[in-house]
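Visitor: If you read the sequences in order, they're chains A and B. Under this note's numbering, the residue at position 104 of the first sequence is numbered 94, and the numbers go up by one with no gaps. If you want this note's numbering, it's the position in the second sequence, counting the first as 1, plus 796.
Incorrect hints may appear among the rest.
Taking lysine to any residue pairs in the SDA-like style, the calculated list, with each CA pair at most 25 Å apart, reads [what the hints assert, rightly or not]:
(1) K1234/B to L35/A
(2) K1185/B to P48/A
(3) K917/B to A6/A
(4) K1185/B to A41/A
Computed beta-carbon distance windows for the label pairs [stated by the list, open to error]:
(5) C1040/B to R73/A: 54 to 62 Å
(6) A1325/B to V69/A: 29 to 37 Å
(7) M44/A to L1127/B: 19 to 27 Å
(8) K8/A to M890/B: 54 to 62 Å
(9) T1230/B to G32/A: 17 to 25 Å
(10) T74/A to V935/B: 41 to 49 Å
(11) W1231/B to A13/A: 52 to 60 Å
(12) G32/A to L1127/B: 25 to 33 Å
(13) G28/A to I1130/B: 51 to 59 Å
(14) T1230/B to D9/A: 44 to 52 Å
Incomplete in silico selection of chain B near chain A, CB under 8 Å [unchecked claim]:
(15) G1112
(16) N1115
(17) M1177
(18) I1180
(19) S1181
(20) P1182
(21) D1187
(22) T1230
(23) K1234
(24) P1286
(25) V1309
No lab work stands behind these hints, which were simulated from the structure alone. Using N, Cα and C, we set each Cβ at its ideal position, and we do this for glycine too.
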Amino acid sequence: MTKKIEAIIREEALDAVKDALHAIGIVGMNVVEVRGHGRQGGIDLSWRGTAYRMDLIPKIQINIILSDHNVEKTIDAIVGAARTGQPGDGLIFIYPVDDVVRIRTGERGHDALIYPDDIDERREHAVKGS
Amino acid sequence: MMQAWPGQAIEVCPNSQPRPLPRRARFRPAHSNRSDIMKRTALFRYAIRLAATLTSLVVFFGVASRALAADPPPPTLADVAATAGEVKLAINVMWMLVAGFLVFFMQAGFALVETGFTRSKNVAHTMMMNMMVFCIGAVGYWMTGFAFQFGAVNLPYPEVSTIGAIAGEWAHSPITLGDWTGLLASGFRIGQFGLLGTNGFLLTGVGLNTGVLAFFLFQMVFMDTAATIPTGSMAERLKFSGFCLMGLWVSMFIYPLVAGWIWGGGWLQNLGRIAGLGNGAVDFAGSGPVHMIGGAIALAGALVIGPRIGRFNADGSANAMPGHNIPMGILGTIILFFGWFGFNPGSSLGFTGTFGQLAANAAVNTLIAGAVGGCVSMLYMWHISPVKKPDPSMSVNGVLAGLVAITAPCAFVDPIGALLIGSVAGVLVCLATTWLEKAKIDDPVGAVPVHFVNGMWGVLAVGIFANGNDASKGWNGMEGAVRGLIAGNPSQLLAQALEAGAVVVVVFGLSYVFFKILNALKLLRVAPADELTGLDMPEMGTPGYTTVDVRMTGGGRLSQQAPRPRVANAPTKSPSTGA
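Same shape as in the complex, but just chain A:
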């Protein structure tokens, strides 16, 4: 099975999360600039002396499509890098994905998700090596 991880994180956490994902062999991802709020509800700012609440705070959404068995390890990597313990650290959503098509080759499903030196290839090397 293929899953989609959609992680909403702080803008300033992007570099750390990206590094953590690369470190475990998550090769492909895309990133969207989003705005939103959770329980915290926004932050207070002012413009020419008038206070206002910016209730939609800029955040980064990372999208990753990956195989089922890699989900937990990836979640751990994201949480480890994005967590500050303060409100506003974000959320991770996990969805099922019906199919994947790699446009260049026409590969489908799991094949379309394989890259050189990715998380699965590393696991195979590790298994062979032991």
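Given the coordinates of chain A, work out where chain B should sit on it, guided by the hints.
Guide: Frame of chain A; chain B shown alone:
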């Protein structure tokens, strides 16, 4: 290849130690022979020295032989005086032009401040207003504005017996810009009350008088500064056709009318001679004529056009509508500050003698008041207002408020006076912003607090802080120097109050009526749907910012009735159907 770089070939080598190669030498071809270069360099130096020696010998003997040959006739005193007069005029005209160019550049500052302080959906509209107000204004001012404002500046008033008035008849034309005999000397007057000039429409009847032309340019860019102020207070909702008419209203009539009373030999300027009120209304660079007039039009416009949709809630509370680009706003403010060094010092209208003193005094006071205005409003927002932050948007307004307030008194006060004037301006601008919000008047960029409120403060500040320096003696046809309340002349403050009052009553009153008429003709405010979309596409037909380059297909339907581009369900064309 050997090349002589400036200063290198004739430099004397202190010793034979190889020197670090100059930067250029690093780029010589790798195969070139270094010792060969050194040899050729030495030869080259020798040749230069020889040439210099020969040249100086030739020049010396040439001059000496001419001096011995014959005495040229010595210049007469009249020759010297004529040349000195020409040089003086050239310096003054050049100063006038350079200062005018600096003031013109303030247009860029206004454009950046206003656009940075408005939302990204209105940038093409706001920027376009700031450019076109100059183009429209230049034409309007050339057609009628200059004539209304200065057509009577050289028309002398008969002698008066007021105590302190300089004996003889008196005209208010500048004495720095050459001979204006017979030019700009007709207008409407009631007794000693000058109302309107009537000479110089389309700059006809003034010939090609250098001084008048330079003066026209300088005064045109001043008018434009006033004309661009209301675009800020009505930004994000002003219909472009209404804006164009407003540009003509300001440049062709209302600014020239009232500014002429203060600078063009009108009744306010003459108050000293007719009523003994100090030196009459005194305004060095235009807190009143430029900023207060612009601010009064801005206030009338903001009142008639009403607040932007969503600016105020039903319970009367205000919603912030943050601008989209603080860096633009701050860059614009710095450009304005820079331009102000043409605006204020340039208003000496000359640079020779005491006029240079006025200019230098004005420059220093401008610097101090602008800086202090910024500091005080920053500190006010940081420590006194509930915001508790050094708010950039108010600090920008604070700098401008200080500059506006010092504009009238800049050549008449001490630096200490400038400091006090700037400090008051920095607080006033913050308070006035709150007052406007309480009154439910929507002014997106703070044009009214900056230009109207602090323009008024600047006009009155002359009557309080003017120190009576010698350079201001004889101002507006009075023997004495310009002295304010602190220097012991309360009547000057009264003249200043009359100037401020005239601007409020006439400019605000007539502009209010003008905008009411525009509103009745449905030319003032855009449709609510367009305002919500943002004015760029419905009014201007193009977005201000295009972040993704998508191909625009042909065949759009642009017409008077449906100028709005169809975003949804746009007709798609195959890209291959060329021609």
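Visitor: All hints are to be evaluated individually against the structure, with a verdict given for each.
Guide: Structure-based check of each hint:
{"no.": "1", "hint": "K1234/B to L35/A", "verdict": "holds, 19 Å"}
{"no.": "2", "hint": "K1185/B to P48/A", "verdict": "holds, 21 Å"}
{"no.": "3", "hint": "K917/B to A6/A", "verdict": "violated, 34 Å"}
{"no.": "4", "hint": "K1185/B to A41/A", "verdict": "holds, 11 Å"}
{"no.": "5", "hint": "C1040/B to R73/A: 54 to 62 Å", "verdict": "holds, 57 Å"}
{"no.": "6", "hint": "A1325/B to V69/A: 29 to 37 Å", "verdict": "violated, 46 Å"}
{"no.": "7", "hint": "M44/A to L1127/B: 19 to 27 Å", "verdict": "holds, 24 Å"}
{"no.": "8", "hint": "K8/A to M890/B: 54 to 62 Å", "verdict": "holds, 59 Å"}
{"no.": "9", "hint": "T1230/B to G32/A: 17 to 25 Å", "verdict": "holds, 24 Å"}
{"no.": "10", "hint": "T74/A to V935/B: 41 to 49 Å", "verdict": "violated, 60 Å"}
{"no.": "11", "hint": "W1231/B to A13/A: 52 to 60 Å", "verdict": "holds, 58 Å"}
{"no.": "12", "hint": "G32/A to L1127/B: 25 to 33 Å", "verdict": "holds, 29 Å"}
{"no.": "13", "hint": "G28/A to I1130/B: 51 to 59 Å", "verdict": "violated, 40 Å"}
{"no.": "14", "hint": "T1230/B to D9/A: 44 to 52 Å", "verdict": "holds, 48 Å"}
{"no.": "15", "hint": "G1112", "verdict": "violated, 13 Å"}
{"no.": "16", "hint": "N1115", "verdict": "holds, 7 Å"}
{"no.": "17", "hint": "M1177", "verdict": "holds, 7 Å"}
{"no.": "18", "hint": "I1180", "verdict": "violated, 11 Å"}
{"no.": "19", "hint": "S1181", "verdict": "holds, 6 Å"}
{"no.": "20", "hint": "P1182", "verdict": "holds, 7 Å"}
{"no.": "21", "hint": "D1187", "verdict": "holds, 6 Å"}
{"no.": "22", "hint": "T1230", "verdict": "holds, 6 Å"}
{"no.": "23", "hint": "K1234", "verdict": "violated, 11 Å"}
{"no.": "24", "hint": "P1286", "verdict": "violated, 35 Å"}
{"no.": "25", "hint": "V1309", "verdict": "violated, 29 Å"}
Hint violations for this structure: numbers 3, 6, 10, 13, 15, 18, 23, 24, 25, all remaining hints satisfied.
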